[in-house]
Structures are given as C-alpha cells and as structure tokens.
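J.: The lines below spell out each chain.
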Amino acid sequence: MLTVRKLSPQRLWLLAGYAAAAAALFSAPLFLSDFRLNLLAKFLAFAIVALGLDLIWGYTGILSLGHGIFFGLGAYAMAMYLKLEASGGRLPDFMGWSGLSELPFFWKPFESFGFAVLMGILIPAVLALFLGFFTFRNRIRGVYFTILTQALVIITATLLVGQQAYTGGTNGVTGYNDILGESIASPDTKRMLYWVTAAVLVAVFIVCRYVVKSRFGKVLRAIRDGENRVRFIGYNPAVYQMVIFTMSAAIAGIAGMLFVLHVGIISPSMMGIVPSIEMVLWVAIGGRGTLIGAALGAVLMNWAKSEFSTTYPQGWTYFLGGVFILVVVFLPNGLAGLASKLKLSKTREVRSEAEHDGIEHPAV
Amino acid sequence: MKKKWFYQSGLVAVVLSLLLAACANNEEPASTTTESGSGAASGDVIKVGVLHSLSGTMAISEVSVRDAEMMAIEEINAAGGVLGKKIEAVQEDGASDWPTFAEKARKLISEDKVATVFGGWTSSSRKAMKPVFEELNGLLWYPVQYEGLEASPNIFYTGATTNQQIVPAVDWLLENRGKRFYLLGSDYVFPRTANLIIKEQLKAKGGEMVGEEYTPLGHTDYSTIISKIKEAKPDVVFNTLNGDSNVAFFKQLKDAGISAQDITTLSVSVAEEEIRGIGVDVLQGHLAAWNYYQTTDTPANKTFVENYKKKYGEDRVTADPIEAGYTAVYLWKAAVEKAGSTDVDKVKAAAKDLEWDAPEGKVKIDGENQHIYKTVRIGEVQSDGQFKELWNSGDAVMPDPFLKGYDWAASIKPTD
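The listed protein sequences correspond, in order, to chains A and B.
Sequential numbering from 1 applies to the first sequence in UniProt numbering.
Sequential numbering from 1 applies to the second sequence in UniProt numbering.
Keep in mind that the hints were calculated from the coordinates and are not lab data.
Wrong hints could be hidden among the right ones.
Claimed, not checked - In silico lysine-lysine, DSBU-like type, Cα no more than 35 Å apart, as pairs:
| no. | chain 1 | residue 1 | chain 2 | residue 2 |
| --- | --- | --- | --- | --- |
| 1 | A | Lys190 | B | Lys346 |
| 2 | B | Lys86 | A | Lys305 |
| 3 | B | Lys348 | A | Lys190 |
| 4 | B | Lys346 | B | Lys362 |
| 5 | B | Lys85 | A | Lys305 |
| 6 | B | Lys404 | A | Lys108 |
| 7 | B | Lys203 | A | Lys108 |
| 8 | B | Lys309 | A | Lys305 |
Assemble the whole structure, with the sequences as input and the hints as a guide.
T.: Following this line, the structure appears as structure tokens:
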C-alpha cells in the first residue's frame with residue numbers, strides 16, 4: 001500500500017491538498033489581524049507538540065501524559081535567553097526580589113541565542129532518553145509508563161515552583177523585550193516569527209511523515225500492535241521506543257520555544273498535569289495515528305477553546321467538555337477517523353484499513 | 001489507502017479555510033461582547049474589559065471581585081454613564097492560567113479596543129498581563145494587595161502594597177504581641193517576597209524569626225508544621241497561606257489545642273469571604289491586616305454593603321479585594337471625566353492626585369507609582385464572622401511599593 005509512488009489522480013489531489021494547506025498557512029498574515037495571527041501562531045506551536053505526541057502514541061502505542069515537561073523545558077530555555085536579553089546585563093527582576101544578587105552559573109550561557117535553542121532541544125531530548133532508558137529497557141510499558149510520566153510532571157512542576165529565585169516560581173518567566181536585537185512586540189517581528197513557526201511546523205510534519213513511512217515507522221507500528229511478537233522476530237523494541245520517545249520530546253521542546261516567542265510567558269502551570277493531558281486530547285480528537293489529524297486537532301481544539309471562552313466566559317468549560325465527550329463517544333478515532341469513515345462506507349477496503357490504520361491494541 | 005489521502009487532504013483544505021474564514025470574520029464585529037451584546041464601539045458606549053478567573057482554582061475568589069466591578073459599572077450607567085456614554089463591560093475568563101490572562105488581555109485591547117481593563121488577582125496573572133499592557137499601551141486596574149516592588153506605567157494598583165499592609169502589621173505585632181515570629185506561607189511569589197521583607201524588618205527592629213515554612217498551594221496537611229510551631233514557641237505566626245490551605249491549617253491548629261489566646265496568628269490573605277469558608281468557630285480571635293472590612297465605618301461603605309447584598313444576596317459578604325475592585329471602577333470614571341477622554345495617556349495624567357471617598361475611606365492616587373493612599377487596619381475575627389478593628393493608621397498611608405522610605409529595606413531593591 002505504501003509503495004504507490006506514481007502520480008495517480010489521488011496522489012495529485014493529495015499534493016494539491018497539502019499545497020493548498022501550506023499556501024493558506026503561509027499567507028495567513030495577509031488576512032489576519034495581529035491578535036488573530038498571534039493566536040494562530042500559538043496554535044501552530046501546539047500542533048507541533050501534537051505531531052510529536054502522535055509519533056509515540058498514535059504510531060508506537062506509548063501514551064505519555066508528561067509532554068508538558070518537554071514542552072515546558074524547551075519554553076524555559078528560550079525564556080531564559082529572552083529574559084537575559086530583556087535585562088540587558090542586569091539581574092533578571094525576579095531574582096532580585098527572590099534574594100539573589102548574582103546570576104546563577106547555569107543561566108549565563110543562555111545569553112547566547114544559539115545555546116538556548118540547542119538546549120531547548122537537547123534538554124527535553126536527554127531527559128526523555130534518560131526516562132526511556134530506564135523504562136523501556138526494563139519493559140515498563142502501558143499504564144505503568146504513563147503513570148511515570150505523570151509523576152515526572154509533578155516533580156518538575158514542583159521543582160520549578162519551589163526554586164523561585166532560579167526559575168521565577170509560579171509566576172514563571174515573563175517580560176521580554178527583544179529577540180536577536182529585534183523588538184519582540186513589533187508587528188514585523190511577529191509576522192516573521194509566525195512564518196518561522198509555520199515553516200517549523202511544515203518541516204516537522206515532513207520529518208514525521210518520513211519517519212512513519214519508513215521501515216523504522218513500520219517497526220514502530222508493529223511494536224504498537226504486538227510488542228512481544230516484534231521482540232520474537234528479533235527486533236529490540238526498547239531501542240525503537242527510546243529513539244522515538246526522544247524524538248517526540250525534542251519536537252515538544254521546539255514547540256515550547258516557539259510558544260514562548262508568541263505568548264511572552266512560560267510558567268509551571270503550562271507544563272503541569274492538565275496541559276499535559278490536554279495535549280493528548282488534541283491528538284485524540286484530531287485522530288491519533290494520522291499526523292494531519294493530530295496537527296489539526298491541536299489547532300481546532302485551541303481555537304474552539306479561545307472562541308468558546310470569549311463567547312461564553314461563564315460556561316465555556318462545559319461546551320469544551322461537551323465537545324470532548326461527543327468526539328470520544330462518536331468519533332473514537334477522532335476527526336481524521338471521521339474522514340476515513342466517510343470513505344469506508346463507500347469502499348470495500350474495510351479490512352485493510354482496520355489492519356493498517358486502526359487503533360486497536362491487541363492484548364499482549 | 002490512496003483514497004484515504006484524498007479525503008485527508010480534502011479535510012485539511014476545508015478545515016484550514018474554515019478556520020481562516022472564521023478568524024478573519026471575527027475581526028470586525030465585536031461578536032464577543034457578553035453583557036449587552038450591543039455590537040461594536042459605536043459613539044454612545046465606552047467598552048471596558050473585565051478580566052478575572054471565572055473558572056479554575058482562583059474563580060472562587062475572583063468572581064466576587066468581578067461582581068463588585070460589574071455592580072460599579074451598573075451604578076455608573078444608571079447615574080448617566082461616563083462622559084454621557086454608557087459603559088459596556090466585555091467579560092473574559094482568565095481561567096486561573098497566566099498565559100490565558102496574557103492572551104485575553106491582548107484580545108481586549110487590540111480586538112475589542114476597550115478603554116481600560118479591570119482584572120487580575122494573583123501576582124502571577126498581573127506579571128503575565130503587564131508586558132501586554134505595556135506593549136499595547138493599555139490600562140489595567142489591579143485590585144488586590146500584593147508584594148510590591150513594581151510600578152508599571154500602564155497599571156493602577158488599588159490594593160495595598162507592602163507598606164500599607166505587611167510592614168505596619170509587623171510593627172503593630174512587635175509592639176503589641178511579641179518579638180518571636182514564625183513565618184508560614186504558600187509557596188509562591190507573594191509569600192516569599194513578603195517574608196523576605198518581614199525578615200529584614202525583624203532584623204532591624206529587634207524581632208526574631210523562629211521559623212519559616214512554605215507549603216505548595218492547595219497543601220492540606222499541617223500536622224508537622226504545627227508540631228514545629230509548638231516547639232518553636234513563637235509569639236506570632238505570620239500567615240501568608242493562600243486559598244484552601246487556610247482551612248486545613250486553622251482547623252488543625254484548633255485540633256492541636258492552640259487557640260488565638262495561645263499564639264496570635266495574623267493573616268494577610270484571610271478576609272470575610274474566606275472566614276465563611278474556613279468557619280468562624282476556628283478563626284475567632286485570630287487577626288488579619290487589610291485596608292477595608294465589611295464593618296468599616298464610613299458613609300460610603302454603608303451604601304456599598306447594602307447595594308452589594310441587595311444585588312447578590314443577603315448571605316454575600318464584602319471584603320478588601322472586592323472593595324478595591326469597586327473603587328477601581330469609580331477612580332477610572334473620575335479620571336476619565338477629569339481628562340474628558342478615555343485616551344490612556346490623558347486618563348493617566350488626569351488620575352494624578354485624584355481623590356475619592358471609597359468605602360474604605362478617602363483614597364488618593366499617587367501620581368508617581370499609580371498606587372493609592374490607603375488606611376491600614378488590623379482586625380480581629382468576631383463570632384459573627386466579621387472583623388472588629390483593633391487598630392488603624394489614622395490617615396491614609398502613602399504607597400511606597402519599593403520601600404524607599406525604609407532604611408532597613410535597602411537590600412530588597414528590585415533591579416529594574
């Protein structure tokens with residue numbers, strides 16, 4: 001099925017669809033007000049996390065309820081750079097009122113933009129590798145792994161809140177002026193940052209697509225559908241799980257960095273349990289096991305959240321909850337599942353679909 | 001499989017175009033107004049934003065402030081509005097989430113074009129909104145006592161800064177209750193900063209700190225800490241716990257057989273509203289420091305309390321932040337009328353030295369740091385859930401957010 005490489009009409013449609021989507025994405029600044037563009041940029045950053053999350057959940061069957069950490073660590077790395085840039089050589093304000101008189105040593109290198117970006121990817125990746133090394137190798141999986149990721153969320157958030165002098169505490173890190181010498185508040189910079197985000201999203205999408213279509217991706221799906229069988233065939237699932245989990249965390253870190261640039265604040269509340277679960281919900285609603293579904297799910301759910309809360313400031317949480325329930329009950333495979341359902345009713349490929357893209361996890 | 005991609009790509013295109021269309025559509029009409037829904041800012045209304053947490057952990061506190069602000073807006077409208085125009089409130093939900101506060105603040109200023117915003121409770125929400133207001137030159141009225149060390153040109157602070165609540169309270173305690181202080185607080189910026197200041201003050205004034213503890217927000221087990229308190233034998237527990245933790249702490253303190261007669265506790269985040277939640281039996285005799293109590297005896301307060309209860313129910317109580325939110329709306333109105341415009345810079349200029357007879361007594365805006373002069377009051381919880389004022393500062397105290405007037409505070413100067 002995956003070997004179709006001729007330019008069939010369907011494939012042309014596919015390319016046209018992606019081209020249209022990309023065109024819409026990149027021309028958005030022409031249609032949207034500064035505020036809306038800023039919102040969309042934030043949603044795109046969320047879409048990037050969703051892609052990474054889909055890699056491990058939708059394709060490998062590892063449910064992480066701890067992606068808020070990786071997202072947050074990336075965000076903090078960028079925030080540290082921005083804060084130092086804004087402080088212009090002086091001590092960041094929150095350190096002053098928390099009783100520090102000197103910049104902590106681990107803050108110093110973050111004066112460099114390149115270092116901050118590198119750390120924003122490396123720190124989440126290394127943490128994920130570390131966690132993966134001790135769990136996957138010991139065949140900790142399923143619910144146990146998920147609980148571990150939750151524990152990691154609590155630990156990280158508590159640590160960040162407790163170390164106010166070094167992390168800004170519950171307030172987080174906010175109050176930025178410029179990035180690479182450009183004012184972060186100017187519409188031009190914002191537009192540029194939007195384009196950067198859109199480009200990163202497209203790039204991450206392409207990379208993820210490449211990964212899931214590759215032989216590596218096939219092994220991932222095999223692990224999802226029957227880890228023991230994969231092991232018996234002679235693969236070591238732990239290595240694959242570690243690699244994909246690390247990659248997913250790095251992607252979340254990248255998303256976090258972009259998030260800070262658009263939102264202007266990162267606080268532990270953004271990496272707690274609730275946001276971590278929300279991220280999984282975006283993927284569930286968009287459709288796990290399909291990259292486009294995950295990305296769209298993130299954008300749509302956040303857009304809905306923003307619109308609902310504006311229209312019904314009193315009761316928006318009920319609406320949003322209602323949407324979650326409706327989707328889970330009626331569209332167990334998410335919005336992308338709806339698309340393939342529409343298709344399935346018209347074709348006879350039911351069985352092959354279920355085999356290749358269904359989400360069933362056979363009992364191991 | 002091939003066909004699947006076809007559907008997927010179609011879905012992408014459709015959804016994205018819908019999304020963009022929806023976003024673009026929403027630009028012009030103010031379809032987002034919630035209260036009157038009378039549409040865009042035509043000539044006869046002035047839009048203001050009301051941005052509090054209506055959901056999440058902070059909702060329980062912030063909804064009352066929102067209510068007071070809405071009441072003030074209604075009263076002003078009933079009396080003819082501002083500059084002959086009605087005020088229209090655009091409500092948004094900060095959802096107890098700091099980035100959401102920043103997002104909604106941005107939306108209120110740049111989409112709804114509100115003249116000003118009343119909102120926030122936690123320091124974290126204010127810190128998140130501050131860069132947005134400064135960037136877009138908006139105007140925020142922040143109604144809660146806080147840790148000071150801040151003076152944004154785009155924020156008016158109608159709650160107390162440290163020298164209008166904590167510093168005088170410590171002085172009073174040193175004079176009346178003893179020298180040995182035990183500091184207990186929730187683990188976030190306000191308690192930590194407040195205690196930093198208190199420690200310096202104790203050092204300078206001959207007090208002694210016999211213990212300092214922080215617990216996470218929402219923490220409910222205080223048995224260990226109460227044992228430590230028993231052991232340390234302080235004269236005073238200075239309590240900066242916030243929210244639910246107060247319920248647990250005071251209940252367990254009572255269960256441990258420690259009453260207000262044994263150890264004085266003074267709280268800076270326990271007001272009338274919280275007493276209802278914690279229980280009078282547990283709190284009776286304990287102290288608090290605020291600038292306003294429901295029992296504060298001023299003519300303006302009589303009407304304020306009456307109207308608030310009439311509007312929202314006899315069982316509701318007023319409290320310091322509620323009053324400060326109400327006062328903020330009236331101060332803004334007075335400034336707009338003096339300026340003859342809602343333009344932010346003009347309103348700021350007009351607000352300088354503006355005075356108003358608030359329920360808490362006469363308040364005056366300090367032109368320099370945009371805080372207000374407030375009377376400090378120390379109160380004791382009575383059996384009816386109200387405070388009896390034990391002491392007040394007489395005149396309204398000049399706000400000094402950076403504690404410039406206090407030599408001992410030299411080391412806690414902020415960096416910006």
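J.: Are the hints correct? Go through all of them and say.
T.: Against the structure, the hints:
Distance restraint check for A/Lys190 and B/Lys346: the Cα-Cα separation of roughly 29 Å lies within the 35 Å cut-off, and the hinted pair is therefore satisfied. In summary, the hint linking B/Lys86 to A/Lys305 is supported, as the alpha carbons are separated by about 30 Å, within the 35 Å threshold. For the hint pairing B/Lys348 with A/Lys190, the CA-to-CA distance comes to about 28 Å; that is within 35 Å, so the pair holds. For the hint pairing B/Lys346 with B/Lys362, the CA-to-CA distance comes to about 23 Å; that is within 35 Å, so the pair holds.
Using a Cα cut-off of 35 Å, the hinted pair B/Lys85 and A/Lys305 holds, with the two alpha carbons roughly 33 Å apart. Taken as a hint, the B/Lys404 and A/Lys108 pair is honoured in the structure, with Cα atoms around 30 Å apart against an allowance of 35 Å. Under the criterion of a C-alpha separation no larger than 35 Å, the hint pairing B/Lys203 with A/Lys108 is consistent with the structure, at around 33 Å. Proposed proximity of B/Lys309 and A/Lys305 is supported: the alpha carbons are some 34 Å apart, at most 35 Å.
Checked against the numbered hints listed earlier, the structure breaks none of them; every hint is satisfied.
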